Amino acid sequence: MAIVVVDGVEVEIGDGERLNGVQAARRAGIEIPHYCWHPGLSVVASCRMCLVESGKRDPATGQVTLLPKLVPACQTPATDGTVFVTQSDTVRQARAMVEEDLLIRHPIDCPICDKAGECSLQDYHFRYGRAERRADLRPFTSRRRTLGDTVSLFVDRCVMCSRCVRFCREVAGTSELMVAHRGAHEEIDVFPGFPLANRLSGNVVDLCPVGALADRDFLYQQRVWFMRSHKHVCAGCSTGCSIRIDTNQDRIHRLKPRANAAVNQWWMCDEGRYAFKHVHDASRIVEPRARVGNRWEARDWPSILDALRGRLADAPSITVVLSPHQTVEEAYLLAALARRHDPSARIVVGETPMRGADESFPTGFTIRAEKCPNRRGVERIAEGWNEAAGGSESSDDFGWSAFLAELDRGARPGAVWIAGGGPDGAVDPETALRLRRTPLLIVQSLFHNPLCDQADFVLPATAFAEREGSYVNATDRLQSFAWALRPPIGVEPDGPLYWKLLDRSGLYRGPVVLKEIAERWESFAAARGSIPETGLDLGGAVRPQSTRRPAAPVSTT
Amino acid sequence: MPSDDSSIHWVEEPDLGLSGRMCLPMFAQGLTTTLRHLRRAISGHPVTVSYPDEEPEIANPRIYRGVHRLNRDAEGRVKCVACFLCATACPAHCIDIVAAPSPWPDREKYPQSFTIDELRCIYCGMCEEACPVDAIELTSLYNLTGRNREEMHFDKEKLLSVHDATKDGEPCRTLRPADPGGDP
Chain A
1 MAIVVVDGVE VEIGDGERLN GVQAARRAGI EIPHYCWHPG LSVVASCRMC LVESGKRDPA
61 TGQVTLLPKL VPACQTPATD GTVFVTQSDT VRQARAMVEE DLLIRHPIDC PICDKAGECS
121 LQDYHFRYGR AERRADLRPF TSRRRTLGDT VSLFVDRCVM CSRCVRFCRE VAGTSELMVA
181 HRGAHEEIDV FPGFPLANRL SGNVVDLCPV GALADRDFLY QQRVWFMRSH KHVCAGCSTG
241 CSIRIDTNQD RIHRLKPRAN AAVNQWWMCD EGRYAFKHVH DASRIVEPRA RVGNRWEARD
301 WPSILDALRG RLADAPSITV VLSPHQTVEE AYLLAALARR HDPSARIVVG ETPMRGADES
361 FPTGFTIRAE KCPNRRGVER IAEGWNEAAG GSESSDDFGW SAFLAELDRG ARPGAVWIAG
421 GGPDGAVDPE TALRLRRTPL LIVQSLFHNP LCDQADFVLP ATAFAEREGS YVNATDRLQS
481 FAWALRPPIG VEPDGPLYWK LLDRSGLYRG PVVLKEIAER WESFAAARGS IPETGLDLGG
541 AVRPQSTRRP AAPVSTT
Chain B
1001 MPSDDSSIHW VEEPDLGLSG RMCLPMFAQG LTTTLRHLRR AISGHPVTVS YPDEEPEIAN
1061 PRIYRGVHRL NRDAEGRVKC VACFLCATAC PAHCIDIVAA PSPWPDREKY PQSFTIDELR
1121 CIYCGMCEEA CPVDAIELTS LYNLTGRNRE EMHFDKEKLL SVHDATKDGE PCRTLRPADP
1181 GGDP
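Same order as they appear, the protein sequences are chains A and B. The first sequence begins at 1 in the numbering used here and counts up one residue at a time. The second sequence begins at 1001 in the numbering used here and counts up one residue at a time.
FYI, nobody ran anything at the bench for these hints, they're computed from the structure. None of the values given here were measured: they were computed from a predicted structure. Note that the Cβ used here is the ideal one computed from N, Cα and C, for glycine as well. Careful, some of the hints might be misleading.
[What the hints assert, rightly or not] Sample of chain B residues lacking proximity to chain A, with all beta carbon distances greater than 12 Å (derived):
1) MET1026
2) SER1050
3) LYS1156
[Unchecked claim] Which stretches of chain A does chain B cover? Using the computed rule of at least three CB atoms under 8 Å from a CB of chain B, they are:
4) 108-122
5) 217-226
6) 514-520
Please work from the sequences and hints to get the whole structure.
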């Protein structure tokens, strides 16, 4: 156990830990400002913002000897007996000088800079900078340059921390960005003909401590202080990155990664970052419809609920197809609904959308081919319910293809409920035709797809940001979240819908249902306590990725 | 800025004295105003105006808070840089801006649309105060009418036309020296 002293506060550091001065001070509740250092990147100690006084404490006498010069805290290991002084006049003066130097030529265009409000340069200037400006320079505009399809660079706003350059070299492994020229003429740039075009490029915008790198998708859309952040989980693939959804007036404006060492470190991929456009697509199904004879009739929810209750109660046998886009809780409630009306109801897991192959990056960040967030969670639910009825426990037997094969062999379930929620129309017209003879077909979908043509009831599905519950990712890690966005008018999210159909009292709440599931089945036993923000490992048998045939790439509807 | 900063000059409240604590000076001051108006009224110059037959006279148009206008720069373009500070400062949430990259090479951002709901506005003047480029100002136009609610949603064109109509009588109230570096 190493003891480090930060401003007189003793901090204990575990034996296996390798921390630097910034991290040790953070543990003592003291902020050391920094631009170039980032926990996920190599240390360059070039911005000089984290300069502190440092020294050693003699273990025998307790005498502290400080080094004569200031040292960068990010580059100083916090070993036993290290002393950091972060609040002395020398340190304060050094910080103010660094700030002043950065601001000499920094354009004062905060009013039109997208970063204003979450900018380190702004924050540090107020906390550590000089009260007045001594230089008589008034640079006001910044040159804008396009680096790639996703990112623009405001050249003069840059403070040359080189985080973006290191990210491209160390994490993405593609090295598109470079520092051109030297000294006061330094600039971030790309080589002619080689734009910033890797699958993680959006992360350089998050890394940029100032407004130099801007997300072209988000540019000038919103001022950051208007938005509210909601902690959520990305639904783009089965990695399940921890993310933040920034919304204003029921619109998603951007997705940002949250740090989660066990899942996505500090990053997220561009595919996931921009995978929220479908939520606001005008072609979304936003009202429940029932088939009357040969035509559709839009109904209000109370009458639809009554009709569903009646028809489900009359059905001789029920099959529900859970969607891998649903949360664990929603899948559980839907299966419970089926089992309530038919104790031997069949619980099937819907088709897993697959696209391309898994891609891993040098630091271990992985973009997965399985383009749904919760196959493992839904399979655990199906397993649990099938076990409860004494049925088969193998995922190959309650899979989508097994269900279709059964239909081809002549099985005729009395009612089929197919849940949905993915942005892709995953069912082709041929498959949909195989369900044509089902007496009662209930389809939930975000967009119109061939299945809806065969259905008796079409219910609007829920988009990922509107869901509340938990996802289980490809490494069996369960992460819980609350809804981030209210659904469009006319859409009843899955959770509350099933909750009402089950005639439960009160309102649907994810944690309550998860508790119920955890108490009931061993496969969710780990979730009996509280769920940390970074999720928890459910453990258990780790099944292979998916042996099923990958579906052909499907176009986004 | 920390409160022990040497550049902050701290001022103590002056001692009011006995008459000040009894509010006598303020009482006398207020009564003087009343008496002044009373004298004017008696001598045939009443303060009340029979509007609309008679137009009231606005004592100081520079500080009157009437209908908004969006100022134009020297080239006739909208001066606004779409920084949203007016919308942020607005206590009535009546300003709606959609920003976009500007079509002009010397400007970065501009308001694609700029709408003020004049019915929702409380004419507090906070937008004017927040504006870093003196683009939004309140004019002395007070008799604002419309036949329906939609007419009272003033868009960018209409706000610019208010500027064209009032710029001669009320020049832009900018107090800061011309910036050598250009906008914003």
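Quick rundown of the hints versus the structure:
1. MET1026: At roughly 36 Å from the nearest Cβ of chain A, MET1026 of chain B sits farther out than 12 Å, so the non-interface label holds.
2. SER1050: holds (46 Å)
3. LYS1156: holds (16 Å)
4. 108-122: This one holds; 3 residues, not fewer than the three required, reach chain B with a Cβ under 8 Å.
5. 217-226: holds (count 6)
6. 514-520: violated (count 0)
Going through the hint list in order, the structure does not satisfy hint 6, though it satisfies all others.
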